[in-house]
Each structure stands twice: as structure tokens, then as C-alpha cells.
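Undergrad: Take a look at the letters that make up each chain.
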Amino acid sequence: MTLIKTNQLEKKYDVGDTIVHALDRVSVRIDAGEFVAVMGPSGSGKSTFMNVIGCLDKSTAGLYLLDGIDVSRMERDELARIRNEKIGFVFQGFNLLSRTSALENVEVPLLYQRNGVSPKERKDRARQVLAMLGLEDRQHHHPNQLSGGQQQRVAIARALVNNPPLLLADEPTGNLDTKTSIEIMELFVRLNEEKHITIVLVTHEPDISAYSRRMIRFLDGQVVNDEVNRP
Amino acid sequence: MIHLPSIIKIALRALRVNKMRSALTMLGIIIGVAAVITMLAVGKGASDKISDQIATVGSNLIIVVPGSTTAGGVRMGSGSFQSLTRGDADAISSESSVMLAAPVISGASQVVYGNANWATSVVGTTHDMLGVRDWTLASGRNFYEQEIRSAAKVCLLGQTVADNLFGNANPLDQTIRIRKVPFTVVGVLGSKGQSMMGQDQDDIIYVPVTAAERNLFGRRIPGSVHYIMVKAVNTEELSRAEEQIRQLLRQRHRIGPDQDDDFTVRNLTQMLQLTEQASRVMSLLLAAIAGVSLLVGGIGIMNIMLVSVTERTREIGIRMAVGAKTWDIRTQFIIEALILSMIGGLIGILLGVGFAEILSHFTGWTILISPFSIAMSFGFSALIGIFFGFYPAYKASLLDPIDALRHE
Ligand SMILES: Nc1ncnc2c1ncn2[C@@H]1O[C@H](COP(=O)(O)OP(=O)(O)OP(=O)(O)O)[C@@H](O)[C@H]1O
Ligand SMILES: [Mg+2]
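Sequence order for the protein chains is A and B. Under our numbering, the first residue of the first sequence is numbered 13, with each subsequent residue one higher. Under our numbering, the first residue of the second sequence is numbered 25, with each subsequent residue one higher.
Only chain A is shown next, with the shape it has when bound in the complex (with noise of 0.2 Å):
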């Protein structure tokens, strides 16, 4: 079952005598499933392609459809709730609410949920998901005594915490080190394989896209390779 669908996506920015092409006619298909790692060089619009496909930023041309839906010409509060419902970001800084303990920062997106979640029902909710990914006994340490794999883990239920069909993440392992980093990938691999989560992560590093199961490559907006790895 394919989950996203691009169409000739463009994204153009204009900045002032030139036009930068972020996305230049990006077509790729991601069945549901998949777990698919993007890479190329830095400014290649790796960063501009999971922002469009995670609804945070609208293409200037072509389509989108994510799970059958067209989304590209949607308006800003439908975007929200197609991103609280379907879809879980992590980012390379974390990206994690201040001064907010970890139980809390999970239970952020059932806030906003449209059905409206009891309080309780968020706490129940958030403790299971941080329990899954082991941290059961940080629930109340704020992001700043937490170690940054911690930190990672904290933004990875949340992004986990509604159960969406697809987590992208956008190089996830950029800040932590080596062996923090293999533990985030184990991760996402038990994801994968165990709840049958869609990933899409984008990567610098070679060690890290060999998690995946297929890689497309990115240049000057474009998407030059995509193929399936071998194990």
C-alpha cells in the first residue's frame, strides 16, 4: 500500500536575482512499511523534502498525496492535524519543550488532539510509550538531565504517542555519538519491524543508511539514485 506519492514537487525560493531550487520535480513512492534512508550532499534538499512530505512546509508546484489524501494544497490548521494524526517528526537537535518534564513533553501532541484526550488519559499514554523505549524511570527529568541519546529517545515517543503510520526523521543521530547512535538505529529497526512504522531518516553517514532497507539520493533537489539495499 503506498503511504506517500510525490508528483513533480517543486519547491522554489526566491532570493532576490536568483531562484534556488530546494525541490526540483521530485517523484518518489513510499509504501507503507518501508524504511527508507535519504542521503546527499549538504544543501541537496534533504531537509526541504521531509519538511514537505512531514506537512511542515507547502511545495510551490506538483503533488503530494499521503495515504491517498492530496495534501499539497491544504490550509494551515488542516496541515496540523494531518501532523498530529499521521505523522512523528525527530529532529537532530531534539527539539524537546524546556523546563517540561519528559512525561509532559510526550503528552504535548495528545494536547492538541481533535478528539481531546482525558489528562489522565495522556499520562497513561505517555508513561506506556516511554516505558516501550526504556525510560520508565526518567519520566520526570527535565530535558536538561538527560543525556542526549535520552534526550532522543523522549522526542522519539513523542513523536510515538499518537501512533502515526509514519516517523520521519531528519538526521536523528547528527548529535550523538557512535555508539549512542547504533542504539537510536536498533531502535528505529524494532519500529520498523515490530509495529510496522514508516520511516524515512535523513543521513550523513554511510554506517547509519545501512540500516535501511532503501536509500535515495538527493543532489541539487533532485533525486539522482534510489535503490534497495543489500544486506
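Source of the hints: derived by calculation from the structure; they are not laboratory data. Any given hint could turn out to be false.
Only pairs whose alpha carbons sit at most 20 Å apart, straight line, appear in this in silico DMTMM-like list of lysine to aspartate or glutamate [to be verified]: (1) Lys24(A) <-> Asp427(B); (2) Lys24(A) <-> Asp424(B); (3) Lys98(A) <-> Asp79(A); (4) Lys17(A) <-> Glu90(A); (5) Lys98(A) <-> Asp352(B); (6) Lys98(A) <-> Glu205(A); (7) Lys70(A) <-> Glu97(A); (8) Lys70(A) <-> Asp424(B); (9) Lys98(A) <-> Asp82(A); (10) Lys70(A) <-> Glu22(A); (11) Lys98(A) <-> Glu87(A); (12) Lys17(A) <-> Asp36(A); (13) Lys24(A) <-> Asp232(A); (14) Lys419(B) <-> Asp89(A); (15) Lys70(A) <-> Asp427(B); (16) Lys33(B) <-> Asp136(A); (17) Lys33(B) <-> Glu133(A); (18) Lys419(B) <-> Glu87(A); (19) Lys207(A) <-> Glu195(A).
Note that the structure is a prediction, hence the values are computed from the model and not measured.
For chain A, the structure is supplied; the task is to place chain B with the ligands on it using the hints.
TA: What follows is chain B with the ligands alone, placed relative to chain A:
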């Protein structure tokens, strides 16, 4: 819509992070609301009291006192303190614009009945006094004219005096001692309550002016009095009455055309109105302070909220990334501004009530703090929060999620 208690929790946490800043931001609202509360308390108290006062002192009153008034104040000629006489009062009462005139000699005295004793003010006057002051009797009777002429030792008791000397017993026909002189109680006055200056008007004893002169407060010049209270026939005749009295007394006192009056005619209603004006000026001043500081307070809230939006751009981006909609973000910042202004409002109300009490304690003004003025100030500070919080909230809600997330 996002769950309200959770949003309040988030707002309170954000405000706690910058306690000092939050407190300073509230200051404008605090001062503004305190001024509004004080203004309403003083203003309402004063205007209530003044209409009360006009009703209890008696209407259309003129008071004639010895000594002349110049622009600078009171100036006394030789012996002018005793320049008014009972004869003057009689003469005044036959003027066409005057209804009644009552002379007064008064002093503080110890009064005794059995074991009970009480210090009060004893006022020597005539049977016309009750009419002048629109005062009714609770029991007994007024003086007879005959008793005034014969300096009879009879008296009328104010409620407070009656209560303190007699308790529940009936004072009528009992004999009390004023400065050791026996007086028979012939009547008890109805209750008038406190005067504008907080004096108990019922703490008084009336005796015939003649008896007061002969037995209580001897006068250097026989027949002289402290002052004369006059009631004009109606409000329209008040100023004509003033003029008639002035002409009459100048004639009676043989004052030449180039000499100053040796007495002063004052319109009591006018004096009350002056007091009212003073309190109105005070109210206006407070209203101006209130208006300005509420405005400044509101702008302060807007300013701090704008700073807060900038500081928390990344947080806004994170919330948007996980699904916060336009109104989720907007509500969050509006609630934050609202909490600031409402806490400020509450503190302002407490301070205002306290300040009004202190003011009334030191000036003797009556204050009146109505639940309406409290509800209104509170509602108004909430409105300020919403009004001045809206723009920052609006700005926050329109941030681009990507830009917001990249913000350092
Ligand atoms: N807001 C913007 N305005 C103008 N140009 C932009 C903007 N955002 C991105 N770009 C340009 O778009 C291109 C793609 O940027 P993008 O961030 O997607 O690269 P990337 O592949 O993620 O790079 P990196 O590996 O360094 O993160 C770059 O040339 C960048 O300069
Ligand atoms: Mg990037």
C-alpha cells in the same frame, strides 16, 4: 479545542519562569485597578453621604456666625465673638424669605443620671430648632415658648445620650444633672446617625437658650449667642434670604457703609456642595490615574507578551510541528495575558480596598465598596488582558512552523 486546565497550567509555568518580569508587568494593572476601586469607593461614599447629609442636617439651611470673612479666612473685630444676639435671631425670623431662625449657645458638658454619666454637647436653643433641622421627636414634646422665656430647666435628649444614661428605661419626666444643675427631660429626639465628618449627631442635648446662658455657660454680654441657624422658606429663596439677613444685621449692628460685616452668613447646602466638589475632584484625579495606568498596564502586557512570543518562538514551532492549530497557539498566549491581567486585577482590588479604608480612616470620609465596583474592575482587567494579549497571540499563531523551529 485544547483542554483549558492544561493550557492554564502551561501559562502559569511560563509566567513562573520569569516571576519578577511577570510581577512588574502586572504593576500597571495593579495601580490602575487600585485607583478605580478607591475612586469608586470614595466617590460613591461621598455622594451617598452628601444627599444623606442634606437630608439629616436639614434642607435650605443658613448659618450666621460672628466675625467677618475675608477672602483669606475669618477675621475678628473687637468683641466680635459675642456680636450675635437672641434679638438678632428673632429679627431674622420675621424676614419674608426666612421660615425659622434658632440661636445657639453650646458647650461640652458632663451629664449625670443616677450612677450613669456621659460627656456630651449641650446646645442651648429655642423650640424652633427642631423645625430648622427637620428633626422629629421619638417621644415626649418640644419646648414650650413659655419655657424659653422663663429659662425653664427642661431638656430634649438625643438618642445616644438617652441610651447611655437610661438604657432601656423611659427618660421622660426624669431629672438629669448638667454641670450639677438639674434639668427635667421632656422629650427624646429621633435618631439621625453620623454626620459627614463621622460625628454622632445623636450625641446631643437641647436646653432652652436662656437656661443655658443663666445656668450653664455664662455670657460676657447678656443675650449674645454663638451662632444662629436659619431655615429659608425654600431653595429658591436661599440667596435672597442670605442677602436679607446681611442687610438686617448690618442695620442692627450699626455698621457703616465702608465697614466690614462683623458676622458671616453661610449657606450650609453650599458648604456641603463644596465638600462634594472636593471629593469629586479627588475622584476625577483617581479616574485619570486609573485610566492612564490601565492603558500603560495594558501596553506593558502587550510588550511583555511580544517579548515572550519572540523568546519562545522555538517552543511555538515545536507545538505547531506536533499539531497545534492557529487557535491552540492563540488561546495559549491570550490565556497567559489574561492570567497576568487578572492576577494584577485581584491584587489591585485588594490594594484599592485597603487604600480606601486608610483614606477614610485619615480623612473621615465615608467610603462605600460595592460588589459591583469589584466585579467591574475585575472584568475590566480581564478585558485588558484579552485586548492587549490578542496581538502578540495573533502574531505567534501566524508564525511559519519551519522558521519557528529554526529560531535560536
Ligand atoms: N528559507 C530558505 N530560503 C532560501 N533558501 C533556502 C531556504 N531553506 C533552504 N534553502 C535552500 O534550499 C536548499 C536545500 O536546503 P536543505 O535544508 O533542504 O538542504 P539539506 O540537504 O537538508 O542540507 P544539510 O545536509 O546541510 O542539512 C539549500 O540550497 C538551501 O540554501
Ligand atoms: Mg538538512
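Undergrad: Indicate, hint by hint, whether the structure satisfies it.
TA: Against the structure, the hints:
no. : hint                    : in the structure
1   : Lys24(A) <-> Asp427(B)  : 16 Å, holds
2   : Lys24(A) <-> Asp424(B)  : 16 Å, holds
3   : Lys98(A) <-> Asp79(A)   : 9 Å, holds
4   : Lys17(A) <-> Glu90(A)   : 19 Å, holds
5   : Lys98(A) <-> Asp352(B)  : 19 Å, holds
6   : Lys98(A) <-> Glu205(A)  : 18 Å, holds
7   : Lys70(A) <-> Glu97(A)   : 18 Å, holds
8   : Lys70(A) <-> Asp424(B)  : 11 Å, holds
9   : Lys98(A) <-> Asp82(A)   : 14 Å, holds
10  : Lys70(A) <-> Glu22(A)   : 9 Å, holds
11  : Lys98(A) <-> Glu87(A)   : 16 Å, holds
12  : Lys17(A) <-> Asp36(A)   : 15 Å, holds
13  : Lys24(A) <-> Asp232(A)  : 12 Å, holds
14  : Lys419(B) <-> Asp89(A)  : 16 Å, holds
15  : Lys70(A) <-> Asp427(B)  : 13 Å, holds
16  : Lys33(B) <-> Asp136(A)  : 18 Å, holds
17  : Lys33(B) <-> Glu133(A)  : 17 Å, holds
18  : Lys419(B) <-> Glu87(A)  : 18 Å, holds
19  : Lys207(A) <-> Glu195(A) : 17 Å, holds
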